[in-house]
Amino acid sequence: MAERERKMTRPFGGVFVPRTTVMSQDDIDRAIWRMAHEILEHNHGVENLVIVGLQTGGVPLAARITSALEEITANDVPTGMIDVALHRDDIGLRPVLPEEVTDIPVDLTNKIVVLVDDVLFTGRTIRAALDALTSFGRPRSVQLAVMVDRGHRELPIRPDYVGKNIPTRRDEVVDATLEGVELGEMRK
Amino acid sequence: MTPKHLLSIDDLGREGIEEILGLTDSFVEVSARRIPKVPALRGKNIAWLFYEDSTRTRLSFETAAKRLSADTMNFSVGSSSVNKGESLRDTCLTISAMGVDAIVVRHRSAGVPWQIANWIDASVINAGDGWHEHPTQALLDTYTLRSHLGDLDGRHIAIVGDIKHSRVARSNLAAFTALGAEVTMVAPQTLLPPSLEGWNANVSHDLDAVLPTVDAIYLLRMQLERQTDALVPTLREYTDGYGLTTQRLAALGEKALIMHPGPMNRGVEICPEAADDPRSVITEQVANGVAVRMSVLFLLLGSGAEHEAGGLS
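One line per chain: the protein sequences are A and B, in this order. Residue numbering for the first sequence follows this note's numbering, beginning at 1 and increasing consecutively. Residue numbering for the second sequence follows this note's numbering, beginning at 1 and increasing consecutively.
Simulated from the structure, these hints should not be mistaken for lab results. Keep in mind that the hints are not guaranteed to be accurate.
DMTMM-like, lysine to aspartate or glutamate: derived pairs with alpha carbons at most 20 Å apart [claimed, not checked]:
hint, chain 1, residue 1, chain 2, residue 2
1, B, Lys37, B, Glu52
2, B, Lys37, A, Glu99
3, A, Lys164, A, Glu182
4, B, Lys37, A, Glu179
5, B, Lys37, A, Glu100
6, B, Lys66, B, Asp101
7, B, Lys37, A, Asp90
8, B, Lys4, B, Glu15
9, A, Lys164, A, Asp26
10, B, Lys4, B, Glu19
11, B, Lys255, B, Glu273
12, A, Lys7, A, Glu100
13, B, Lys37, A, Asp131
14, B, Lys37, B, Glu15
15, A, Lys164, A, Asp27
16, A, Lys164, A, Glu179
17, A, Lys7, A, Glu71
18, B, Lys4, B, Glu18
19, B, Lys164, B, Glu52
20, A, Lys7, A, Asp27
21, B, Lys37, A, Asp107
22, B, Lys255, B, Asp240
23, A, Lys164, A, Glu47
24, B, Lys255, B, Asp276
25, B, Lys66, A, Asp26
26, B, Lys66, A, Asp89
27, B, Lys37, A, Asp103
All chains should be built: construct the whole structure from the sequences, respecting the hints.
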């Protein structure tokens with residue numbers, strides 16, 4: 001989220017003004033720990049699991065979830081990252097440039113892929129990510145973990161693991177980092 | 001801000017070159033995927049207008065366009081209405097009327113891409129005009145150099161051979177110097193342009209003196225088809241003075257790169273040992289060519305950089 005959502009929320013070119021803190025750093029840590037356990041419970045361990053963070057906000061979160069999984073199970077969990085810019089459905093409508101690294105370390109065929117992003121909003125980034133993943137193999141299943149689900153979906157996409165559900169207005173902005181989550185809006 | 005056309009390196013400047021090269025990393029990654037194709041230019045139509053022979057440039061553009069999911073229209077002069085006397089302008093207007101987003105043009109006359117850009121609405125990409133410019137070649141060469149040498153500031157690059165007839169030399173000189181490299185043109189007097197005024201380059205007629213000081217040596221093809229008079233006495237004499245021979249290969253720095261735009265005349269400007277030397281990055285140039293051209297096509301057609309940031313719809 002972050003940069004992209006900031007740029008796309010009116011008034012354009014404004015600055016983010018936080019209004020309330022909805023998650024503290026401790027809340028984030030506990031949510032990561034819980035989501036890691038849920039992933040393990042749901043998939044009966046880490047066998048065939050690959051964690052893929054979405055550039056840019058999902059990458060640090062994916063790293064944290066991976067290290068939690070490794071700490072719990074004492075197994076290595078492969079982790080990658082993906083920039084979905086070239087697969088977006090708004091290419092040509094507004095500036096879209098791939099800016100960050102895509103690095104999928106293993107063939108995804110028959111793997112269980114857990115996509116990780118910081119904020120789930122319209123679902124369009126996830127659609128683009130699902131499209132991009134097909135270039136790297138045919139996963140057995142793809143699951144979605146997000147720190148914040150803020151609603152306003154425009155596509156039939158739902159998360160499997162959620163840090164926190166936060167009801168928002170469409171014109172609000174959610175700023176989620178590993179230090180905390182703040183709700184606010186853009187102001188000139 | 002992205003320009004609409006890619007006509008010359010000078011139009012890009014340092015910032016434009018660096019933007020394209022920076023974006024190219026993403027497309028190198030795409031090219032390495034199991035399925036190296038992204039839907040970024042779906043529905044865009046690109047026409048190839050090649051009035052001059054080309055294998056690698058056209059295939060490279062074609063591959064780049066297909067990896068971006070664009071549609072392409074092939075236009076080969078031999079089997080078209082050009083043979084019935086259709087003018088360049090009418091040909092362009094006809095193609096344009098079919099609805100193209102970009103025309104990639106190669107022509108034996110300098111300036112043709114500029115002319116076409118004035119006639120039609122689509123983006124125009126110069127794939128070589130006469131002796132004048134070949135910007136995508138310069139970009140892929142610069143990308144290849146940077147991937148080995150890092151920053152080009154203060155690096156010394158020798159461009160050797162038929163400078164006079166070479167659009168590659170002109171575009172590369174512009175690109176290398178824009179990024180801060182020092183360029184020496186090495187050629188016999190007959191293969192240099194009549195005047196080098198305004199060229200930001202050193203000139204030498206002595207390859208052996210230049211050789212030990214370079215970070216990269218860029219050999220140009222002897223363009224036998226372009227030469228109207230005998231500019232070198234014999235090819236053997238040329239090889240003696242200006243070819244990268246086995247003896248010269250030994251004098252070349254250990255980390256210096258050997259480059260060539262292809263197709264090579266092995267045994268003329270470059271000996272087979274040099275072409276296959278570990279310092280040679282000639283096949284890498286070809287591979288990078290696809291990624292650089294993806295980057296150019298995407299910037300001109302797909303990035304939407306001409307739009308202001310807009311609200312979610």
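Hint check results:
1. Note on B/Lys37 and B/Glu52: the hinted pairing is violated, with a Cα-Cα distance of about 29 Å set against a maximum of 20 Å.
2. Annotation: proposed proximity of B/Lys37 to A/Glu99 holds, straight-line Cα distance about 18 Å (limit 20 Å).
3. For the hint pairing A/Lys164 with A/Glu182, the CA-to-CA distance comes to about 12 Å; that is within 20 Å, so the pair holds.
4. A C-alpha spacing of about 37 Å is found between B/Lys37 and A/Glu179, which places the hinted pair above 20 Å, so the restraint is violated.
5. With a C-alpha separation of about 18 Å, the suggested pair B/Lys37 and A/Glu100 falls inside the 20 Å cut-off, and the hint holds.
6. For a cut-off of 20 Å, the pair hint linking B/Lys66 to B/Asp101 stands: about 15 Å separates their Cα positions.
7. The suggested pairing of B/Lys37 with A/Asp90 holds, with an alpha-carbon distance near 18 Å, which does not exceed 20 Å.
8. Taken as a hint, the B/Lys4 and B/Glu15 pair is honoured in the structure, with Cα atoms around 15 Å apart against an allowance of 20 Å.
9. In summary, the hint linking A/Lys164 to A/Asp26 is supported, as the alpha carbons are separated by about 13 Å, within the 20 Å threshold.
10. A hinted pair counts as satisfied when its Cα atoms are at most 20 Å apart, and B/Lys4 with B/Glu19 qualifies at roughly 14 Å.
11. A C-alpha spacing of about 16 Å is found between B/Lys255 and B/Glu273, which places the hinted pair at or below 20 Å, so the restraint holds.
12. Taking the CA atoms of A/Lys7 and A/Glu100, the gap is about 17 Å. The hint holds against a cut of 20 Å.
13. Restraint check for B/Lys37 and A/Asp131: satisfied, since their Cα atoms lie roughly 11 Å apart, inside the 20 Å limit.
14. A distance of roughly 28 Å separates the Cα atoms of B/Lys37 and B/Glu15; the hinted pair therefore is violated under the 20 Å criterion.
15. Our distance criterion of 20 Å between C-alpha atoms is met by A/Lys164 and A/Asp27, whose separation comes to about 9 Å.
16. Between the alpha carbons of A/Lys164 and A/Glu179 the distance comes to roughly 15 Å, so the proposed pair stays at or under 20 Å and holds.
17. Of the pairs offered as hints, the one joining A/Lys7 and A/Glu71 is violated, with about 37 Å between alpha carbons and a cut-off of 20 Å exceeded.
18. Restraint check for B/Lys4 and B/Glu18: satisfied, since their Cα atoms lie roughly 17 Å apart, inside the 20 Å limit.
19. With a C-alpha separation of about 18 Å, the suggested pair B/Lys164 and B/Glu52 falls inside the 20 Å cut-off, and the hint holds.
20. For the proposed pair A/Lys7 and A/Asp27, the alpha carbon gap of about 27 Å is over 20 Å, so the pair is violated.
21. Under the criterion of a C-alpha separation no larger than 20 Å, the hint pairing B/Lys37 with A/Asp107 is consistent with the structure, at around 16 Å.
22. Between B/Lys255 and B/Asp240 the CA atoms are separated by roughly 24 Å; this puts the pair beyond 20 Å, and the hint is violated.
23. Our distance criterion of 20 Å between C-alpha atoms is broken by A/Lys164 and A/Glu47, whose separation comes to about 27 Å.
24. A C-alpha spacing of about 15 Å is found between B/Lys255 and B/Asp276, which places the hinted pair at or below 20 Å, so the restraint holds.
25. For a cut-off of 20 Å, the pair hint linking B/Lys66 to A/Asp26 is broken: about 48 Å separates their Cα positions.
26. For the suggested pair B/Lys66 and A/Asp89, the alpha carbons sit about 18 Å apart, so the restraint of at most 20 Å is met.
27. Proposed proximity of B/Lys37 and A/Asp103 is supported: the alpha carbons are some 16 Å apart, at most 20 Å.
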